[in-house]
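Got chain C sorted already, so can you dock chains S and A onto it with the hints?
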Amino acid sequence: MSTISITASGGSQARRAPGLMGWLLLMPMVLWLAAFVVIPTLILLVYSFCERGSFGEVVYSFTWENYVRALDWRYLKILLMSVWYAALTTAFCIVIGYPVAWFIARADVRLRSKLLLLIMLPFWISFLLRTYAWISLLKAEGVVSAFLQSASLITEPLSILYTPTAVIIGLVYAYLPFMILPIYSSAEKLDESVIEASQDLGAGAIRTFFKVILPLTWPGVSAGVLLVFVPAIGMFAITDLMGGARVPMVGNVIQAQFGAARNWPFGAALGICFLIIFVAVYALLRERESKA
Amino acid sequence: MIEHPTMKTTRPLIVAAMLAVAPFASAKELNLFAWSEYIPQSVIDGFTEETGIKVNYETYDSNEAMIAKLVGGGGEYDLIQPSEYAVEALAQAGRLEVIDRANVPNFANLSPQYLDQPFDAGNKFSVPYMVGTVGIAVNTEKVKEPVAGYADFFSDKYKGRLVVLDDGREIVSWALAAKGRSINDITAETLAEVKPLIASWLKNVKLFDSASPKTALLNGEVDMGIVWSGEGAILVQEDAKFAYILPKEGAHMFIDSLCIPKGAKNKAAAEAFINYILKPEVSKIISDEFPYTNPNLEARKLLTEEQLKNGASYPAAGKLETFKEIGEVSSLIDDLITELKSDL
Amino acid sequence: MRRTWKLPGGMRLANALCGGWTVLVILFLYFPIVFLVVYSFNSSRLNIVWESFTLKWYGELLGNARLVDAFINSVVIACSSTLLAVLLGTGGAWMLYRFRYRHSGIIETAAYLPMVVPEVIMGISLLVFFKSISLSLGYTTVILAHATFCFPFVMAAVRARLAGLDPSLEEAAMDLGAGPARAFFFVIVPYLMPAIAAGGLMAFALSLDEVIVSYFTTSAASITLPLRIYGMAKVGLNPMINALSTIFVAITAVILIVMEISRQKRRPAAGA
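Protein chains in written order, with the working numbering: chain C, 1 to 292; chain S, 1 to 344; chain A, 1 to 272.
Chain C extracted, bound-state conformation:
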């Protein structure tokens, strides 16, 4: 890489074809990805076709039984329920988060950074601690229960803890900032003249929203969906704590295979199925995005 050739190419130097040095310098990252992303996934794939040893470890003999079992109705049902809860969580996050993201994006510049700070601060505090707070708050003899009872809104102690409702509350609370931020960054780039144009053409506020604003902020929303929907399916910690181990989600079942249920190959198969869902969602979102 001589200085002469660099100055000669001028502004297009930023996208030159790499020489040996260029490839060599990229190698560490490529190797890292190969070692810690690609190979582990391949190993998982191999395991998913293996049989189970007496203690649940992997025995290298080919079998379809893990996938047959994974696609069995009882596990499919859990998968569908997990997807359902994750979808609910995502929907709530969008509905709750979108107006907030919009408001911050449209707000005065100085106010904006302070609001962002306010939204981000809870995210920085461990989600476990915040989930723990909800357990304290929602238990039958807790503060919320006492308050609702004294306000005569409910007659018996609150029994919301250890139900799917509690799990959804926990999940929405944990993932809300992940939805607000991408929508915000999308909304912030929105050129207001487009909105003005839409109104000049006679569209009311609601039509403008659905026909103009929403499609233009779609990249933000889809980024938020990707950051919320798929992780929520596999988030077993919150389900465990707030669901009282009553609500088995896919994340819990997978975790159990590497734990108490002692069946690594089956866990691997479930993991691969989960991965396929993820890839499908990702591809779907990317396709919608490129169409938009």
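Watch out, some of these pointers could steer you wrong.
With a Cα cut of at most 20 Å, we get these calculated SDA-like pairs of lysine to any residue [stated by the list, open to error]:
id, chain 1, residue 1, chain 2, residue 2
1, A, Lys131, C, Leu116
2, S, Lys142, C, Phe55
3, A, Lys234, C, Leu42
4, A, Lys131, C, Ile168
5, S, Lys279, S, Glu289
6, C, Lys77, S, Ser331
7, C, Lys114, A, Asn15
8, C, Lys77, S, Ser342
9, A, Lys265, A, Leu192
10, S, Lys284, S, Pro105
11, C, Lys77, S, Glu339
None of these hints come from the bench; they were simulated from the model.
Structure of chains S and A alone, referenced to chain C:
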């Protein structure tokens, strides 16, 4: 600043250096893998003070989880705390070290009642830690009717007021006992037989918890629970409104032991720890905090009358059975419980 | 250049409603946190009724060797993995920007994958990987795991910043006789510093808070704070956790405010 070609070529060196200096197990360490809520912190600290050995204490709340981590992957432990059937399984698979009795002279303190059991004849691989049962804890202020066994416990009038252990093997054993079978009689057929019963039972459960079921009882979230006897004893001590009973249909008696996994790096430290635990004063501390049945006769001499009278810690005779290792059938139990839980 | 624009009537109402909603959401977000902080000073164990003011839980917290050990572990792991993440992410972003590699699309997608793949999958795949190369679990495995899912965040931040890089900057440095390496370190890196700092901070926070990946890749000796808290939360409620939360809140607030002030100082008039 750095003159040689960019950081990227030195990056692998940095990683290698970091891996090299990353803390690794020193000679004076003990990797302890035990049940949560079973070994008091003061006992661990006392051991470290006396011997200078640092204890890394990781916990689990089911034997299956422990075996999975031990055998399946990655975990390197020096001392584990399996229940009787787990000792059987691990010993049969050759996964346990023989304990050198010469290093554990305090073994003599143990009661012969719990020694030389079928799962480990001659106590080659295991030393009993604590003995207990799985029974029913009742908040008598909320539940005025007498509760004698599983049938009463799971009756529909207590719907949503129950906590039970999050342990598939346990749940199945209760159903088998209720049907008059041995709790070790686990086959595909017997599981099919008890499935409807368990299904009806689980609908009434508010939450599953093996780590600390007494918490929900103390909180008032639930009125009754199937809990470990030590937890039951704590409840009884905490508040006289709690009672602990052994189900009349039959209950599980467990013997938890200390074992050394094969290939443990700090075998000497592990044996020193076992010997330390068997000291009467130390064993007494354990009994104080976790009032299970203490198999250490010398330690029992140091306990108060109240402790010895606690029905949960030292139960009168009941219909008790230990678990035997069942092997592959355990995956059928998982399937069953997962399916039933997802129907809730 | 954005000019403030007049909202037509319907939109003005909508905006006001959004504003009110935002206030409610912020209250919702902070309610549990305020609760945690307030009750960390409550002498009663049960987190229900206010008994009296006390600092004893903080004392217990700091005296609890297991928690303190776990905290130190978490910090060590977070620092190490952030360092790795910054190196990987910055280097990767720069290389991909600088050169037009044949398969850059695939490489980039692979690089961003750890960011979006569900943590459970990452956890189990890394566990089976470490098992198959017989690497025993401990600090090393956790740090490697954390670095893997953190570095895409650094890479994304640096990439974004590179988009605004004036190409003549590097040119000028080279014209003055610097080789590509020196140009990189003395000109590009300082320019990228804000993005590296932002990405690094993000990586640090993510590593500190990580539960699921750590769960599968750690051992007793290297157990992290979130895992300890997870264990404690399952066993029951404990005001020490409240005290811990309060400390976290305080530290986080200070860091974020300091960051914000320094950002304002650098670019006073412009916004984001």
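Where does the structure disagree with the numbered hints, that is, which hint numbers, in rising order?
Numbers 1, 2, 3, 4, in rising order.
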